[in-house]
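Novice: Chains as they are written, first to last, in the numbering used here: chain B, 1 to 309; chain V, 1 to 309; chain R, 1 to 309.
Quick caveat, the hints were computed from the structure, so don't treat them as lab data.
These numbers were taken from a predicted model, which means no experiment stands behind them.
All C-beta atoms in this analysis are idealised placements derived from N, C-alpha and C, irrespective of residue type, glycine included.
Incorrect hints may appear among the rest.
Cut-off 27 Å, straight-line C-alpha distance, at most; resulting in silico cross-link-like pairs (BS3-like, lysine-lysine) [stated by the list, open to error]: (1) B:32 - V:44; (2) R:37 - V:37; (3) V:46 - V:262; (4) B:44 - V:46; (5) V:37 - B:46; (6) B:46 - R:261; (7) R:37 - V:46.
Chain R is nowhere near these chain V residues, computed Cβ spacing over 10 Å in every case [to be verified]: (8) 18; (9) 58; (10) 64; (11) 90; (12) 123.
Short, incomplete list of chain V residues facing chain B, as computed with Cβ under 10 Å [what the hints assert, rightly or not]: (13) 88; (14) 244; (15) 246; (16) 250; (17) 253; (18) 282.
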Amino acid sequence: MGSLKGKDILHGNQFSKKEIEAVIKVASEFEKELKKKGVIPLMKGKLLATLFFEPSTRTRLSFETAMQRLGGGVIALGPAEGSSVSKGETLVDTCRTVAQYADVIAIRHPKTGSAKEAADAVDIPVLNGGDGTGQHPTQALLDVYTIRKEMRTLKNLTIAMVGDLKNGRTVHALVEILSLFNCNLYFVSPGVLRMPEEITSHLRQKGIRVEETEDLREAALKSDVIYMTRIQKERFGDLGEYERVKGSYIIDAAFLKNLGKKITILHPLPRVNEINPDVDNYPGAAYFRQMRNGVFIRMALIAMVMGKR
Amino acid sequence: MGSLKGKDILHGNQFSKKEIEAVIKVASEFEKELKKKGVIPLMKGKLLATLFFEPSTRTRLSFETAMQRLGGGVIALGPAEGSSVSKGETLVDTCRTVAQYADVIAIRHPKTGSAKEAADAVDIPVLNGGDGTGQHPTQALLDVYTIRKEMRTLKNLTIAMVGDLKNGRTVHALVEILSLFNCNLYFVSPGVLRMPEEITSHLRQKGIRVEETEDLREAALKSDVIYMTRIQKERFGDLGEYERVKGSYIIDAAFLKNLGKKITILHPLPRVNEINPDVDNYPGAAYFRQMRNGVFIRMALIAMVMGKR
Amino acid sequence: MGSLKGKDILHGNQFSKKEIEAVIKVASEFEKELKKKGVIPLMKGKLLATLFFEPSTRTRLSFETAMQRLGGGVIALGPAEGSSVSKGETLVDTCRTVAQYADVIAIRHPKTGSAKEAADAVDIPVLNGGDGTGQHPTQALLDVYTIRKEMRTLKNLTIAMVGDLKNGRTVHALVEILSLFNCNLYFVSPGVLRMPEEITSHLRQKGIRVEETEDLREAALKSDVIYMTRIQKERFGDLGEYERVKGSYIIDAAFLKNLGKKITILHPLPRVNEINPDVDNYPGAAYFRQMRNGVFIRMALIAMVMGKR
Numbered sequence: 001m002g003s004l005k006g007k008d009i010l011h012g013n014q015f016s017k018k019e020i021e022a023v024i025k026v027a028s029e030f031e032k033e034l035k036k037k038g039v040i041p042l043m044k045g046k047l048l049a050t051l052f053f054e055p056s057t058r059t060r061l062s063f064e065t066a067m068q069r070l071g072g073g074v075i076a077l078g079p080a081e082g083s084s085v086s087k088g089e090t091l092v093d094t095c096r097t098v099a100q101y102a103d104v105i106a107i108r109h110p111k112t113g114s115a116k117e118a119a120d121a122v123d124i125p126v127l128n129g130g131d132g133t134g135q136h137p138t139q140a141l142l143d144v145y146t147i148r149k150e151m152r153t154l155k156n157l158t159i160a161m162v163g164d165l166k167n168g169r170t171v172h173a174l175v176e177i178l179s180l181f182n183c184n185l186y187f188v189s190p191g192v193l194r195m196p197e198e199i200t201s202h203l204r205q206k207g208i209r210v211e212e213t214e215d216l217r218e219a220a221l222k223s224d225v226i227y228m229t230r231i232q233k234e235r236f237g238d239l240g241e242y243e244r245v246k247g248s249y250i251i252d253a254a255f256l257k258n259l260g261k262k263i264t265i266l267h268p269l270p271r272v273n274e275i276n277p278d279v280d281n282y283p284g285a286a287y288f289r290q291m292r293n294g295v296f297i298r299m300a301l302i303a304m305v306m307g308k309r
Numbered sequence: 001m002g003s004l005k006g007k008d009i010l011h012g013n014q015f016s017k018k019e020i021e022a023v024i025k026v027a028s029e030f031e032k033e034l035k036k037k038g039v040i041p042l043m044k045g046k047l048l049a050t051l052f053f054e055p056s057t058r059t060r061l062s063f064e065t066a067m068q069r070l071g072g073g074v075i076a077l078g079p080a081e082g083s084s085v086s087k088g089e090t091l092v093d094t095c096r097t098v099a100q101y102a103d104v105i106a107i108r109h110p111k112t113g114s115a116k117e118a119a120d121a122v123d124i125p126v127l128n129g130g131d132g133t134g135q136h137p138t139q140a141l142l143d144v145y146t147i148r149k150e151m152r153t154l155k156n157l158t159i160a161m162v163g164d165l166k167n168g169r170t171v172h173a174l175v176e177i178l179s180l181f182n183c184n185l186y187f188v189s190p191g192v193l194r195m196p197e198e199i200t201s202h203l204r205q206k207g208i209r210v211e212e213t214e215d216l217r218e219a220a221l222k223s224d225v226i227y228m229t230r231i232q233k234e235r236f237g238d239l240g241e242y243e244r245v246k247g248s249y250i251i252d253a254a255f256l257k258n259l260g261k262k263i264t265i266l267h268p269l270p271r272v273n274e275i276n277p278d279v280d281n282y283p284g285a286a287y288f289r290q291m292r293n294g295v296f297i298r299m300a301l302i303a304m305v306m307g308k309r
Numbered sequence: 001m002g003s004l005k006g007k008d009i010l011h012g013n014q015f016s017k018k019e020i021e022a023v024i025k026v027a028s029e030f031e032k033e034l035k036k037k038g039v040i041p042l043m044k045g046k047l048l049a050t051l052f053f054e055p056s057t058r059t060r061l062s063f064e065t066a067m068q069r070l071g072g073g074v075i076a077l078g079p080a081e082g083s084s085v086s087k088g089e090t091l092v093d094t095c096r097t098v099a100q101y102a103d104v105i106a107i108r109h110p111k112t113g114s115a116k117e118a119a120d121a122v123d124i125p126v127l128n129g130g131d132g133t134g135q136h137p138t139q140a141l142l143d144v145y146t147i148r149k150e151m152r153t154l155k156n157l158t159i160a161m162v163g164d165l166k167n168g169r170t171v172h173a174l175v176e177i178l179s180l181f182n183c184n185l186y187f188v189s190p191g192v193l194r195m196p197e198e199i200t201s202h203l204r205q206k207g208i209r210v211e212e213t214e215d216l217r218e219a220a221l222k223s224d225v226i227y228m229t230r231i232q233k234e235r236f237g238d239l240g241e242y243e244r245v246k247g248s249y250i251i252d253a254a255f256l257k258n259l260g261k262k263i264t265i266l267h268p269l270p271r272v273n274e275i276n277p278d279v280d281n282y283p284g285a286a287y288f289r290q291m292r293n294g295v296f297i298r299m300a301l302i303a304m305v306m307g308k309r
């Protein structure tokens, strides 16, 4: 297993299969240990800086929770400050300054490639919390962790990815990782939001069975897991098109009853109306458990890049 | 004494007299213990999430201080993020996500009933830090704690509530609690801001002596404690009315000298001009001590709902 | 050596030479100790309140880092809240409230004299993190600490202060401190931004050799240290004048090569274009090390005013 010590976490596809298995193993150990104790003090006396140049409460709070569950402290640059800082100073200078204070950085920035730029500028590990339409690797890892935990394996699963597959950075990274574990994939989206052709063909070259459809029910009937995503209005030039599409990919209790089989449902959240709240108590509704898994994955990544696992 | 373990703190009138006495006792013990040590580490390894969807620096900092004085950590959703989150996501979803990270939640939200809504959605204790014009129970408890500490008893006191008694959520909860201890009450307000009739008659039914007046001096002469509140311009349709009223309920050094007796003065703060700064060094001016008491009360509530007292 | 216990840190010129030497000594010990451990737990169980009424990410994060490296906790008032608080409440009331929660306050406020006002209102130590065009004493101390560390002495150095010497509060405080150590000073600025006459003559009365010039290269050739500052557009009534001036004080790799000697370069940051990034790897480029030194100096000041050193 390759050590992640001193490394940056920038791309969903930077990991070997062995590394992903190692991250999952550490996250799983932390999860068990946390149930007994409230804190695993590997980061005692260490500081995480969260630099969020655009709001992402979920991801920021998850990182800050992870660091504190490891016994460490946090210094935080808020979104309001983020935008004002970026006016007067380059991202690189801000990161170099913060690297004088903290031991590890988690960054979110609207510009694609900004996390790499930050990582190149500083001597401490940088964790990418989302850079524009680029990468969001900790999200992809927590998704994989959740699928494995819910299904007890990653091998030979059939997974349906649903919604905006064209723009979703999370699904792009996620399918790359899933392809290491020999999954079958359904891509369910309206025509205008299809998975980019280069990703689909790259997956097929690696021997992954990929099917594309516009029919959610058809895919669900053949899948073990549904990964839902939001369809964002602002992606459509033609609002009439948006109105036609937005209702097509909705899961509710009636849909699940009609399906006649158990299925596991993930969603990176926030949801708008893709998953009806009447699904929340369905046993396969894993999206809030998925949030909690994000803490364990981020704990694992922090501990590993800091050389503590 | 009923245990508060696992309970939510939502309403000022959810407490029995025994529970209020228990909270006061724990707060008082914490106060003494904190003087010797800086921290009482009952919440070590635990996290409080402060979800403030409208700004309330005083209450938020008080909760965050309380949690840290108990050895715990904090994750915080700021007001700017709060408003942006609420655009994209229901309050319930935000709270369910945060409940995957934290061990206890303190929430402030402009909508009446929102704290109850949050509490119903999650499995961890929720502390209401103010919901719209509804409830603000930790404020009411710290007020009671302050009166008891300043007067060394809660029994048979005469307390004048002054200012906007119509809209003040704090005074509504406070009089309910005080009624458990057989206090006499003066309600001092302009006609348009009188205490709602249903509260006054409810108190009288419980055998509490209530008198209403527009004359602050008259009430002060017969009272042990004055509880001042702000009169907010935005409550008046008729600004001429506001101008007539706003000067009537002001305490300054001259007023107190003229009174010819010692009296204890509370105010939930922030004040505008209801209490002149020339009163700040008056021995009975308890409003900054009241702020400190808020920390002890919130420490007690956190420890109790978490089953540590 | 005069103890700083219980004192406020308000002005760059409040310190005797002995006190400055003591602060430098403590900061230097903390720096060494931190390399071995991640934390020096002198502030365990104590809380720092950072009250930043205008954004200053660098200074705020430095204070929060310092407190956490000392094992203490932080409660923070953000700039957004700061401005809303200040609407409804006097600065003095806000500070008095926060003094009920925290053990020490770091404040930044746009009004000159506000830190003194805060310090007079509360019983706990107040550290001035910058008040308007007034003082920024922790910056001046970290600058002195950096010069001493880079040059291994403070005696008999020749230091060039470059840029906006008229408005720069940092340079005003810094030259006062340097004058205690018998430095020679070059003031390099365009005519409209010259060091105020009263400061220059005050330094000369104290026997300090001061020379004024508009020529950066001339000063650099004779100096051990260059202290660069930003020239801010908004200081100029005449924008044509700004355009003429702004290019004159720029350090880049070519300038340094042409200089033909090693020199140490400081800058309070953020920089705009006064120092080209091609200088960042130059051995004498000390400005990011300077940021780190800010943490040690603030640790020393916090520990000292709290009576722990």
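Novice: Evaluate each hint against the coordinates.
Specialist: Tested hints:
For the proposed pair residue 32 of chain B and residue 44 of chain V, the alpha carbon gap of about 18 Å is at most 27 Å, so the pair holds. Distance hint between residue 37 of chain R and residue 37 of chain V is fulfilled; the C-alpha atoms sit about 24 Å from each other, no more than 27 Å. Of the pairs offered as hints, the one joining residue 46 of chain V and residue 262 of chain V is violated, with about 44 Å between alpha carbons and a cut-off of 27 Å exceeded. Note on residue 44 of chain B and residue 46 of chain V: the hinted pairing holds, with a Cα-Cα distance of about 15 Å set against a maximum of 27 Å.
This hinted pair checks out: residue 37 of chain V and residue 46 of chain B have alpha carbons roughly 24 Å apart, not beyond 27 Å. Taking the CA atoms of residue 46 of chain B and residue 261 of chain R, the gap is about 39 Å. The hint is violated against a cut of 27 Å. Pair hint residue 37 of chain R plus residue 46 of chain V holds up; C-alpha atoms about 24 Å apart against a cutoff of 27 Å. Taking the minimum C-beta to C-beta distance to chain R, about 29 Å, the non-interface status of residue 18 of chain V holds against the 10 Å cut.
Look at residue 58 of chain V: its CB is around 6 Å from the nearest CB on chain R, not clear of 10 Å, so calling it non-interface is violated. The claim that residue 64 of chain V lies off the interface is violated: its Cβ sits roughly 5 Å from the closest Cβ of chain R, which falls inside the 10 Å cut-off. No beta-carbon of chain R is positioned within 10 Å of the beta-carbon of residue 90 of chain V; the least distance is around 24 Å. For residue 123 of chain V, the non-interface assignment is confirmed: its Cβ lies about 27 Å from the closest Cβ of chain R, beyond the 10 Å cut-off.
At a threshold of 10 Å, the smallest CB-CB gap from residue 88 of chain V to chain B is about 5 Å, leaving the interface hint in force. Because the smallest distance between the Cβ of residue 244 of chain V and any Cβ of chain B comes to about 40 Å, over 10 Å, the interface hint for this residue is violated. Nearest Cβ of chain B to the Cβ of residue 246 of chain V: about 34 Å, over the 10 Å cut. The hint is violated. Because the smallest distance between the Cβ of residue 250 of chain V and any Cβ of chain B comes to about 37 Å, over 10 Å, the interface hint for this residue is violated.
Contact between residue 253 of chain V and chain B, as hinted, is not supported at the beta carbon level, the nearest pair being about 41 Å apart and thus beyond 10 Å. Interface hint at residue 282 of chain V: violated, since its Cβ lies 39 Å from the closest Cβ of chain B, which is beyond the 10 Å cut-off.
Checked against the numbered hints listed earlier, the structure breaks hints 3, 6, 9, 10, 14, 15, 16, 17, 18; every other hint is satisfied.
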